[in-house]
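Peer 1: Chain residues, written in single-letter form:
Protein chains: 2
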Amino acid sequence: MHARVFVSLKRSVLDPQGKAVRGALETLGLKGIEDVRQGKFFDLELADGDPAERGRELDSLCQKLLANPVIEDYRIEWVT
Amino acid sequence: MHARVFVSLKRSVLDPQGKAVRGALETLGLKGIEDVRQGKFFDLELADGDPAERGRELDSLCQKLLANPVIEDYRIEWVT
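Protein sequence lines, in the order shown, are assigned to chains P and H. In terms of the working numbering, the first sequence opens at residue 18 and continues consecutively. In terms of the working numbering, the second sequence opens at residue 18 and continues consecutively.
Calculated directly from the structure, the hints in this document are not laboratory data. There could be a bad hint or two in this list.
Identical copies look the same in the list; a pair holds intra-copy or inter-copy alike.
[As the list claims (entries may be wrong)] With a straight-line cut-off of 27 Å between C-alpha atoms, the simulated DSS-like cross-links for lysine-lysine are:
(1) Lys48 to Lys81
(2) Lys57 to Lys81
(3) Lys27 to Lys48
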């Protein structure tokens, strides 16, 4: 089973990295950039198991370890 | 136009962050993890334009700024 977890700052939280990237892209010549947000992702290769149970485990671990739920959103995607 | 750029270390390059996350997930109780790789993504909101030209510009900027092509792979996805 292959899961991908996306973690990004909540929309209401300032994203200085994204802002820096936006500035750099404009300096390098990409015009018309309205917004850049940066996030991270984790590719997890898991041994097979009950998908529902795996999903619950992973969800709980996202809240504890992979994301900071105070300022970050996360999304789990199962890759088939 | 909304583009998402995924940047991750090449398969042949060691990923110490992924390794650390794997160890931490196991400590927290997620069993059967075979591999964890970490990467980053950029959400870009661009003004409308010719998609082919935009794609070329973005591709060139990925090589210059967003990714380090020596050790990283990148992938551009257009979100509709």
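Peer 1: At 27 Å max between alpha carbons, let me know whether Lys48 reaches Lys81 within a copy, between copies, both or neither.
Peer 2: So Lys48 and Lys81 pass the 27 Å test across copies only (16 Å; inside, 39 Å).
Peer 1: Is it within, between, both, or neither for Lys57 and Lys81, if the alpha carbons may be no more than 27 Å apart?
Peer 2: both (16 Å within a copy, 20 Å between copies)
Peer 1: Within a copy, between copies, both or neither: which one fits Lys27 and Lys48 at a CA-CA cutoff of 27 Å?
Peer 2: within (25 Å within a copy, 29 Å between copies)
Hint check: no violations occur; every hint is consistent with the structure.
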